[in-house]
Amino acid sequence: MYTVENYIVGRWVKGDGDGQLLFNAVTGDPIAKATSQGIDFAQVVHYARNQGNTALRKMSFHERGLMLKALALHLREHLDRFYPISYQTGATKADSWVDIEGGIGNLFSYASLRRKFPDTPYCLDGEHHSLGKANTFM
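According to our numbering, the sequence shown is numbered sequentially starting from 1.
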């Protein structure tokens, strides 16, 4: 039986133990299991704060947008893998289309918003106002 993996600290990891069975909504057959047992969540938070967050803060808005675009392109290449999984929830193709292709479309939309921002890791909102006699605060 397929075990759903977790993307943890930069790699795919299977949890320990039996986990939770996931069922086909139409037939009732078990189709996979998922578990987060054995995952060191303190390590996950530490990695997110010290690796992921640090890397994202260094990226410009354009780089972040291009990363979202790359993800959307990758997901679109694998559409044929998402529909069979969605059918097992009892969804029709029309139901699934909104979630799958609509979700990917949202990623493309978010990615395109990068053009509205400077190619820097920060964005000044409005004019700056100096505070204090020496103009050392903004």
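If you're looking for bench data, these hints aren't it; they were derived computationally from the structure.
Glycine residues also receive a C-beta, built at the ideal position from the N, C-alpha and C atoms.
Don't take each hint at face value.
[Stated by the list, open to error] With a cut-off of at most 20 Å between alpha-carbon atoms, the simulated DMTMM-like pairs for lysine to aspartate or glutamate come out as follows:
1. LYS133 - ASP119
2. LYS33 - GLU63
3. LYS58 - ASP16
4. LYS58 - ASP125
5. LYS116 - ASP40
6. LYS69 - ASP99
7. LYS58 - ASP40
8. LYS69 - ASP119
9. LYS69 - GLU101
10. LYS14 - ASP40
[Said to hold, decoys possible] Label-pair distances were calculated between CB atoms; the ranges are:
11. HIS78 - VAL45: 28 to 38 Å
12. GLY90 - PHE117: 34 to 44 Å
13. ASN135 - ALA94: 55 to 65 Å
14. ALA55 - ASP125: 16 to 26 Å
15. LEU56 - ARG115: 28 to 38 Å
16. HIS78 - TYR122: 47 to 57 Å
17. ALA94 - LEU73: 31 to 41 Å
18. LEU73 - ASP119: 15 to 25 Å
19. VAL9 - TYR83: 22 to 32 Å
20. CYS123 - MET1: 44 to 54 Å
These are the hints, each one checked on the structure:
1. Restraint check for LYS133 and ASP119: the C-alpha separation of about 32 Å exceeds 20 Å, so the hint is violated.
2. Proximity of LYS33 to GLU63 is assessed by CA-CA distance (about 36 Å); at most 20 Å being required, the pair is judged violated.
3. In summary, the hint linking LYS58 to ASP16 is not supported, as the alpha carbons are separated by about 35 Å, beyond the 20 Å threshold.
4. Using a Cα cut-off of 20 Å, the hinted pair LYS58 and ASP125 holds, with the two alpha carbons roughly 19 Å apart.
5. Only pairs whose Cα atoms come within 20 Å are accepted, and LYS116 paired with ASP40 is rejected, the gap being roughly 39 Å.
6. Distance check on the hinted pair: LYS69 and ASP99 sit about 18 Å apart at the alpha-carbon level, within 20 Å; holds.
7. This hinted pair does not check out: LYS58 and ASP40 have alpha carbons roughly 26 Å apart, beyond 20 Å.
8. With a CA separation close to 16 Å, the supplied pair LYS69 and ASP119 stays within the 20 Å bound.
9. For the proposed pair LYS69 and GLU101, the alpha carbon gap of about 14 Å is at most 20 Å, so the pair holds.
10. At most 20 Å may separate the alpha-carbon atoms for a hinted pair to count; LYS14 and ASP40 meet this at roughly 12 Å.
11. A hinted range of 28 to 38 Å holds for the C-beta pair HIS78 and VAL45, which are about 30 Å apart.
12. One distance hint, 34 to 44 Å for the beta-carbon pair GLY90 and PHE117, holds here, with the actual separation near 40 Å.
13. About 60 Å separates the C-beta atoms of ASN135 and ALA94, a value consistent with the hinted range of 55 to 65 Å.
14. About 24 Å separates the C-beta atoms of ALA55 and ASP125, a value consistent with the hinted range of 16 to 26 Å.
15. Range check, LEU56 to ARG115: Cβ separation about 19 Å, and the 28 to 38 Å hint is violated.
16. For HIS78 and TYR122, the Cβ-Cβ distance of about 34 Å falls outside the hinted range of 47 to 57 Å, so the restraint is violated.
17. Between ALA94 and LEU73, the C-beta spacing of about 24 Å breaks the proposed range 31 to 41 Å.
18. Here the CB-CB span from LEU73 to ASP119 is close to 20 Å, well matched to the stated 15 to 25 Å.
19. The beta-carbon spacing between VAL9 and TYR83, approximately 31 Å, falls within the hinted interval of 22 to 32 Å.
20. Look at CYS123 against MET1: about 47 Å separates their beta carbons, and that is inside 44 to 54 Å.
Comparing the model with each earlier hint shows violations of hints 1, 2, 3, 5, 7, 15, 16, 17; every other hint is respected.
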